[in-house]
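J.: Start from the sequences and build out the full structure, keeping to the hints where you can.
Protein chains in written order, with the working numbering: chain A, 5 to 343; chain B, 5 to 343; chain C, 5 to 343; chain D, 5 to 343.
The set of hints was computed from the structure by calculation and includes no laboratory data. Mixed in with the good hints, there may be bad ones.
In this list, chains with the same sequence are indistinguishable; a pair is considered to hold if it fits within one copy or across any two.
[Unchecked claim] When the alpha-carbon atoms are kept at most 27 Å apart in a straight line, the in silico DSSO-like pairs for lysine-lysine are as follows: (1) Lys42 with Lys26; (2) Lys306 with Lys295; (3) Lys166 with Lys26; (4) Lys26 with Lys302.
Number of protein chains: 4
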Amino acid sequence: MTGFVSDNVSGVHPAILDAIIKANSGYQMPYGADDLSKLVDERYSEIFDKQVVVLPCVTGTAANSLALALFTKPYNSVSVYADSHVYLDECNAPGFFSGGARQVRVEGPNGKMDPAKLDMAMALIGQRQSTQPSAISVSQTTELGTVYGVDELQVIAGIARKYGQRIQMDGARFANALIALNCQPADITWKAGIDVLAFGATKNGCMAAESIVIFDTDLAVEARYRLKQSGQVLSKQRFLSAQLLAYVDNDLWLANARHANAQAAKLAAGLSALEGVALMHEVSANMMFVKFSDRQIKALQKAGIAGYVYDDGYMRLVCSWASSDEEISRFLAVVQDQA
Amino acid sequence: MTGFVSDNVSGVHPAILDAIIKANSGYQMPYGADDLSKLVDERYSEIFDKQVVVLPCVTGTAANSLALALFTKPYNSVSVYADSHVYLDECNAPGFFSGGARQVRVEGPNGKMDPAKLDMAMALIGQRQSTQPSAISVSQTTELGTVYGVDELQVIAGIARKYGQRIQMDGARFANALIALNCQPADITWKAGIDVLAFGATKNGCMAAESIVIFDTDLAVEARYRLKQSGQVLSKQRFLSAQLLAYVDNDLWLANARHANAQAAKLAAGLSALEGVALMHEVSANMMFVKFSDRQIKALQKAGIAGYVYDDGYMRLVCSWASSDEEISRFLAVVQDQA
Amino acid sequence: MTGFVSDNVSGVHPAILDAIIKANSGYQMPYGADDLSKLVDERYSEIFDKQVVVLPCVTGTAANSLALALFTKPYNSVSVYADSHVYLDECNAPGFFSGGARQVRVEGPNGKMDPAKLDMAMALIGQRQSTQPSAISVSQTTELGTVYGVDELQVIAGIARKYGQRIQMDGARFANALIALNCQPADITWKAGIDVLAFGATKNGCMAAESIVIFDTDLAVEARYRLKQSGQVLSKQRFLSAQLLAYVDNDLWLANARHANAQAAKLAAGLSALEGVALMHEVSANMMFVKFSDRQIKALQKAGIAGYVYDDGYMRLVCSWASSDEEISRFLAVVQDQA
Amino acid sequence: MTGFVSDNVSGVHPAILDAIIKANSGYQMPYGADDLSKLVDERYSEIFDKQVVVLPCVTGTAANSLALALFTKPYNSVSVYADSHVYLDECNAPGFFSGGARQVRVEGPNGKMDPAKLDMAMALIGQRQSTQPSAISVSQTTELGTVYGVDELQVIAGIARKYGQRIQMDGARFANALIALNCQPADITWKAGIDVLAFGATKNGCMAAESIVIFDTDLAVEARYRLKQSGQVLSKQRFLSAQLLAYVDNDLWLANARHANAQAAKLAAGLSALEGVALMHEVSANMMFVKFSDRQIKALQKAGIAGYVYDDGYMRLVCSWASSDEEISRFLAVVQDQA
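T.: Structure below.
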C-alpha cells in the first residue's frame with residue numbers, strides 16, 4: 005500500500021525510533037518519575053516561549069477530551085466546527101469525559117467556524133433550560149486541511165473573551181499549520197488566546213505520542229488526576245517522553261511537517277495540471293480533497309494507492325513525513341493514464 | 005538505580021523491541037486495520053484454548069476499568085479485595101468509567117478475598133436503597149504477591165454463579181501467576197469462571213501493551229466502542245499489536261515470568277538466611293514484602309537499590325524479566341553487611 | 005395573569021387536590037411501600053391493556069432521561085426530532101443520565117421526524133469512530149402541537165425494528181394526543197412499538213406527577229435503581245401515587261385533555277376568523293402557534309394574557325384543563341380590537 | 005400502623021397542606037418564576053442571618069448529591085461518616101451525580117466522625133494514584149440520632165480549612181438538631197464553616213420539600229443548572245415553594261421539631277424505666293435505638309407498632325411532628341406487658 009489515506013498510515017521516523025531504543029537502558033522509575041519525563045516541561049516551555057505544563061498521553065481523542073473536560077461541567081457545551089474530528093470521529097469522547105456535556109455544531113466555510121455563527125451560538129448563555137456554552141474547540145490544521153490565520157484566531161479569542169469561554173485547540177496537525185503560517189508556536193496558541201493545546205506528534209513521525217500542553221498552569225493539577233483516572237498514564241512513561249523530546253530535538257517536528265506540506269504542494273500542483281481533476285480548496289498544509297473520475301479512482305485502488313473516498317466522489321489525500329517524490333510521481337502517473 | 009521497586013522499572017525485552025522495529029516498515033492502515041492487528045485474536049485464542057476477542061490498550065488502569073464497565077451500571081458495585089490495586093491505585097478509574105459504580109472492599113488473608121466475606125457482601129442484592137453488586141474483581145497475581153489457586157478461583161466462581169455476578173481478573177502479573185501455578189491459561193481464566201481478563205504485558209517485558217481478553221465474545225462490540233470513546237485506540241496500532249504478538253511468540257512471556265519468579269525465589273531464599281530479616285509471606289511469584297532494619301534500608305538506598313518502603317517498615321521487592329543474578333547478589337551483600 | 009403560556013401555568017384539578025388531602029391520613033410506609041403506591045401498577049395495566057410497571061417521578065425531564073438511559077450507554081446516541089423538548093429544553097439531561105450519550109437531531113415537517121431522514125441517521129451503525137444509534141425518542145403530542153398518527157408511529161417502529169433501536173415516547177401531553185386521535189392508549193404505545201413511555205400528568209391537572217410506564221417489564225429492575233440513584237424516589241410517595249391514581253379515576257385525565265383540546269379548537273377557530281392573524285398548522289391537540297401583529301401582541305400583554313413570543317413573531321398558545329370559555333372570549337376580543 | 009419507623013411515615017402538617025391548597029389559585033409562571041418562589045431566598049436569608057440562595061428540590065438524595073457535586077470532580081472523594089445515610093442509603097447517588105467521585109468512610113463514636121480519623125483520611129492529598137479528598141459531608145442530626153455540638157463542628161471546620169476541603173451538611177433532620185442544641189441556624193451552618201446545607205423539610209411536616217441552601221452564593225449558578233439537568237426543577241414549582249414558606253412561617257418548623265424531640269424524650273424516659281430495655285445512647289433529638297426482648301418486639305409488631313429492627317436486636321424509633329401522647333403511652337404499655 006502507498007499511503008495517502010492519512011498521515012497516520014506512515015511509520016515512525018528513524019530519529020524517533022532511535023530515541024526509543026536509546027531510552028531502553030537500565031531501570032527507570034515509573035509513571036513519569038523517570039529522567040526523561042522530567043525534561044519535557046522545560047523543553048516545551050522553550051518552544052512555546054512560556055512556562056507550560058505538558059501531560060503526555062497516547063491518543064488525540066484522549067488529549068482533546070481531557071482538555072475539554074477541564075472547561076466543561078456536565079451542563080456545559082463546547083462549540084465546535086460542524087464537521088470537526090472531535091464531533092464526528094471520537095465516538096463522543098468529550099461527552100463521556102465530561103459526564104454529559106454537549107457539542108454544539110457551528111457551520112462555516114473552508115472547514116472553519118464562521119465567527120458570526122459562533123457568536124450566535126452564545127445566545128444560549130443564561131437560558132435556564134439549556135446547556136451553557138463554556139468552551140470553544142478549534143482544529144489547527146482543520147479537518148479540511150485549511151489553516152486558521154493568526155487574525156482569524158484573534159477573532160475567535162475575542163468572542164471567547166466577550167462570553168467567558170475557554171479555548172481548546174485540536175492540534176493533531178499543529179506542526180503542519182505552523183509551517184503553513186510560517187510563524188512561532190506562541191503566535192497561534194497562547195498569544196492568540198488558546199488555553200490548552202492537544203499537541204499531536206504521532207501523525208508527524210512519532211509512534212504513539214500526543215500531549216496536552218497547558219498554558220494556564222493553574223489547570224495542571226486537575227488535568228493530572230483526570231489523566232490518571234482515565235488510564236492514560238503509562239507505567240514505562242520514559243518511552244513516551246523519549247518520543248516527545250526527540251520530536252522537537254533539532255527541529256525534527258518542523259522538518260517533518262515542512263516535508264509533508266511540500267509534498268502535498270507538489271501533489272496538488274501535479275493534479276491541478278491534469279484534466280478532469282478538481283481540487284476542493286487551495287492546499288495550505290498537508291491535506292487536500294480532490295475530485296477524480298470513477299475510472300481514476302479505480303485505477304488508483306488497483307495500483308494500491310489508498311485514500312478515503314467520500315460519497316460525493318471526492319478523495320481525501322494526506323502527505324506525511326514519509327511521502328516520497330517517487331510516490332507522488334507514481335500517483336500522478338496513474339491518474340494521468342486515466343485522464 | 006537497581007530496580008526492585010516494581011517490575012515496571014525494567015525496560016523493554018530485546019525481542020519485543022525488535023518486533024517494534026520490524027513493524028516500522030511501509031504504510032499500514034490505522035486504528036487496528038493493519039496486518040499485525042488482524043493476527044492477535046487468533047494467536048490469543050490458541051493460547052487461551054478458546055475463541056477470544058482481544059482489545060489492545062496501553063494501561064492496566066484502562067484495561068481493568070473498561071472490563072469492569074462492561075458489568076457495572078452506575079447503580080452497581082464491584083466487589084474487590086480491600087487493598088487491591090484497582091481500589092487503591094487507580095484514582096477510582098472504575099467509578100469514572102462506569103459513571104458512578106462503587107467498589108466494595110472485601111477483606112481476607114494473604115491479599116485474597118475471604119470467600120465468606122465475599123458472600124456476605126452479596127446481602128445488599130435487592131435492597132432498594134443500596135448499590136447492587138454485579139461484578140467481582142480478582143487480582144492474579146495479587147497485590148501481596150500471592151496467587152489464587154485454581155480451587156480458590158472455583159470457590160469465587162461459585163459465589164458469582166450463585167448471585168449472578170460477572171468476574172473480571174486484573175492480570176497485571178498474570179504470567180507470573182501462571183508460572184507459579186504451573187497450569188494452562190485456560191485453567192485460571194474462563195475455565196475458572198472468569199469473564200474478562202485484563203492481560204498485562206508491560207511489566208513482563210513490553211513497552212506499553214496491555215489488553216482486554218474477552219472470553220464471552222458477545223461483550224466485544226460494546227467493549228470496542230467503550231475503548232474508542234475513552235481514547236485508547238491508537239492510530240498506529242501496529243506497534244501495539246507487534247508487542248502483543250512478540251510477547252507470546254516462542255513463549256517469551258512464559259520465559260520472562262519464569263525468570264522473574266526464579267529470581268524472586270533466589271532473593272527470598274537469600275534474605276531468609278539472613279539474621280534480622282523477615283519475609284511477610286511465602287513467595288509464590290515475583291514479589292515479596294520484607295522487613296529490614298532501618299540501617300539496612302538506609303544502606304540499600306545508599307547503594308542505589310530502590311524498593312517501596314511502607315510505614316510499617318516493610319519493603320516491597322519485585323523481580324522482573326531483567327533482574328540479574330548480579331543484582332540479587334549485590335542486594336544480599338548490602339543487607340548482609342548491615343546485619 | 006391569564007395563562008396560555010403553557011398548560012403548566014394552570015393549577016391542580018380539584019379532584020387531584022382532594023385525593024392528596026385524602027391521602028394525608030395516618031402513617032404510611034415510605035418510598036413506595038404505602039397502600040396507594042401498591043395500586044398503581046395494576047390500575048395502569050388496565051389502562052394500557054397490558055401488564056406494565058410504573059415508576060412515579062416528579063418531572064418530565066427525569067422521566068424522559070431515565071427512560072432513555074435504559075437504552076443508551078455512553079457511546080450510544082438517541083435520534084430525536086431536531087427541535088424536540090428533550091434536545092432543546094432539558095439542559096442535556098439525557099447526556100448526563102447516560103454518562104455521555106449524544107442526541108442526534110432528525111429534521112422533519114410539522115414537528116415530526118421525517119422517516120427517511122431517521123433511516124439515514126442509522127448509517128452510523130457499525131462505524132467504529134462514531135456514536136452508535138440505539139434509541140429513538142418520539143414526542144406525542146409533539147412540540148409543535150401536532151400528533152403522530154398510528155400509521156406514522158408504525159413507520160418509525162419499522163425503522164426501529166430494522167436497526168435494532170428501542171423507542172421512548174415523551175408523553176408530556178400524551179392525553180391530548182390520545183383525545184386528538186380518538187384511540188386507545190395501547191394503540192399509540194406498545195402496540196405501536198413503544199418500549200417506554202414518559203407519561204405526563206402534571207400539565208393535565210396534577211401537582212407534580214409524572215411516571216415512567218415500562219411495557220417491557222424486564223427493564224423494571226434497572227429502572228428502579230436508576231430512579232433511586234438519581235434522587236427521584238419520594239419518601240412520602242403516597243402523595244405522588246395519590247395523584248397518579250386520581251388522575252385516571254373516572255377518566256379524569258381524558259376529560260381534562262378533551263376539555264383542553266376543545267378550548268384550543270375554539271380559540272383557533274376564533275383566531276382564524278380574524279384578519280391579520282395566521283395559524284402555523286392545523287390545531288390537533290391543545291397547542292397552536294399564531295402570528296399576530298406587534299400591536300396585537302402588545303395589547304395581549306397589556307391585558308395580562310401571556311404566551312411565549314418567538315423571534316419570528318409567532319406566539320405559542322396552550323390551553324389546559326383550566327382554560328375557561330371566558331378566557332378564550334377575552335383573548336379573542338383583545339386581538340379583534342387591534343385588528 | 006402507628007409509625008415510629010421513621011419520621012417520614014407521618015403525613016403532612018395541616019398548615020403545610022393549607023398553604024398548598026391556597027397556592028392553587030389562578031395561573032402562575034412555571035419553573036420557579038411564580039410569585040411564591042420569588043420569596044424563598046429572602047425568607048430563608050432572614051432565618052440564616054445571611055444572604056443565601058435556596059434551590060428547592062424534592063428528595064434528600066438529590067439535595068445531598070447535588071450539593072456534593074459542587075465540590076467533587078470525578079477524581080475527588082468525599083469524607084463521610086462510615087455508616088452515614090449518604091453512604092449506605094442513597095444507592096451511591098453522589099458517585100452518579102459527580103460522574104465517579106468516591107466516598108471515603110470515616111469511623112467514629114456515637115455516629116460522628118472521629119476528627120483524628122478524618123485528619124488521617126487527608127493523607128491521600130497529593131498522592132497521584134489516589135482519589136483526592138475535596139469535601140466533607142456531615143449529618144446533623146446524625147444517623148444515630150446524636151447531634152454535633154457547635155464546638156465539634158468547629159473542629160471539623162478547622163480540618164477542612166487546613167486541607168482545603170468544602171463542607172456539606174446533610175440536614176434531613178436539621179430542625180431537630182437545632183432544637184436539641186438550642187441555638188441559631190447560623191451557629192451550626194455557615195458560622196461553623198458549612199458551605200452548603202441540604203435542608204430537610206419533608207420529614208418534619210412537609211409533603212415533598214427539601215432544599216439546597218447555598219451560603220457561598222458564587223456556587224448558585226452552577227447549582228441551578230445541575231438541578232435542572234438532573235430533573236429536579238418542577239414545572240408547577242409554586243407548590244414546592246408554598247411548602248418551604250409555610251414550613252418556616254410562624255416558626256412552624258421549630259414547633260414541629262420541638263414536639264418531635266419532646267415526644268422522643270418522653271418515649272425514652274418511659275422505656276428507660278422498664279426492665280429488660282436498653283437504650284444505645286442518650287437521646288438528643290427525635291431518634292433512638294433500643295434493645296428489646298424478642299417477646300417485646302413480637303408484641304409491638306402484633307400491636308401494629310412498627311420500627312426498623314436490626315440484626316443485633318436493636319430497634320430504631322423515630323418521633324415526628326405527628327407523634328401523639330396516646331401513641332407513646334400505648335407503645336410503653338405494650339412493652340411493659342411483656343417485661
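J.: Confirm or reject each hint.
T.: Against the structure, the hints come out as follows:
In this assembly of identical chains, the alpha carbons of Lys42 and Lys26 lie at most 27 Å apart only when taken from the same copy (16 Å versus 29 Å across copies). Taking identical chains as interchangeable, the C-alpha atoms of Lys306 and Lys295 lie at most 27 Å apart only when both belong to the same chain, with a minimum of 18 Å there against 60 Å between chains. In the homo-oligomer, the alpha carbons of Lys166 and Lys26 never lie at most 27 Å apart, since the shortest distance is 49 Å inside one protomer and 45 Å across protomers. Within a single copy, Lys26 and Lys302 get their C-alpha atoms no closer than 44 Å, and across copies no closer than 31 Å, so neither meets the 27 Å cut-off.
Comparing the model with each earlier hint shows violations of hints 3, 4; every other hint is respected.
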